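Start counting the sequence shown at 0; every next residue gets the next number (numbering that gives the first Met the number 0).
Hints may be right or wrong, so weigh each one.
Unchecked claim - Label-pair distances were calculated between CB atoms; the ranges are:
| no. | residue 1 | residue 2 | range |
| --- | --- | --- | --- |
| 1 | E107 | D87 | 13 to 23 Å |
| 2 | I5 | H54 | 11 to 21 Å |
| 3 | E66 | I17 | 10 to 20 Å |
| 4 | N27 | D80 | 32 to 42 Å |
| 5 | N44 | D80 | 32 to 42 Å |
| 6 | P3 | S114 | 29 to 39 Å |
| 7 | D80 | K6 | 13 to 23 Å |
| 8 | T23 | E77 | 24 to 34 Å |
| 9 | K6 | N90 | 41 to 51 Å |
FYI, nobody ran anything at the bench for these hints, they're computed from the structure.
Just so you know, these numbers come straight off a predicted model, no measurement behind them.
Beta carbons are placed, not taken as given, at the ideal position from N, Cα and C, and that holds for glycine.
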Amino acid sequence: MIFPIIKKCPCCNKVLFIKTNGTTYENNFKNIQDYTVKKRFNCNNCGQDIALFIHNKTGIQKLLWMEYLENMDLLFFELEDLRIKKKDLLNKKADGSGAIKNISKEIEKIKIQISQKQSKLRIKVRLIAGHGSENSDQLSDNHRFF
0 MIFPIIKKCP
10 CCNKVLFIKT
20 NGTTYENNFK
30 NIQDYTVKKR
40 FNCNNCGQDI
50 ALFIHNKTGI
60 QKLLWMEYLE
70 NMDLLFFELE
80 DLRIKKKDLL
90 NKKADGSGAI
100 KNISKEIEKI
110 KIQISQKQSK
120 LRIKVRLIAG
130 HGSENSDQLS
140 DNHRFF
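Can you build the whole structure from these sequences, using the hints too?
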């Protein structure tokens, strides 16, 4: 007999009993490629699309809100690419101060976009949960999902 996995919904904090079978789903998210999607479903309480991710090597389980991942996936890699370009320019010590400033401006724009999207998702979590900001701390920079 296989026992269900007990986790809390990342949106509404409801306790969920997740039954998994041998089926795995395709993981299209670049920032969590080391994880396998074991189960994808909608929460019974809030109706949000949620997925159970299991790390390929360590077996760590994470229950993640798909809307959060979809919003952050593209911006995450744009930000990483710009940081790498900036680091390369700094290592070359070339006279590219204008290029470095442009890259820094782009990095700041992306950080602002990420902040705005996280704020919108925090508001959505508060509306879904219906009680304060108890669950919105999961979307802060200190509690990153990836």
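Unmet hints by their number, sorted upward, for this structure: 4 and 7
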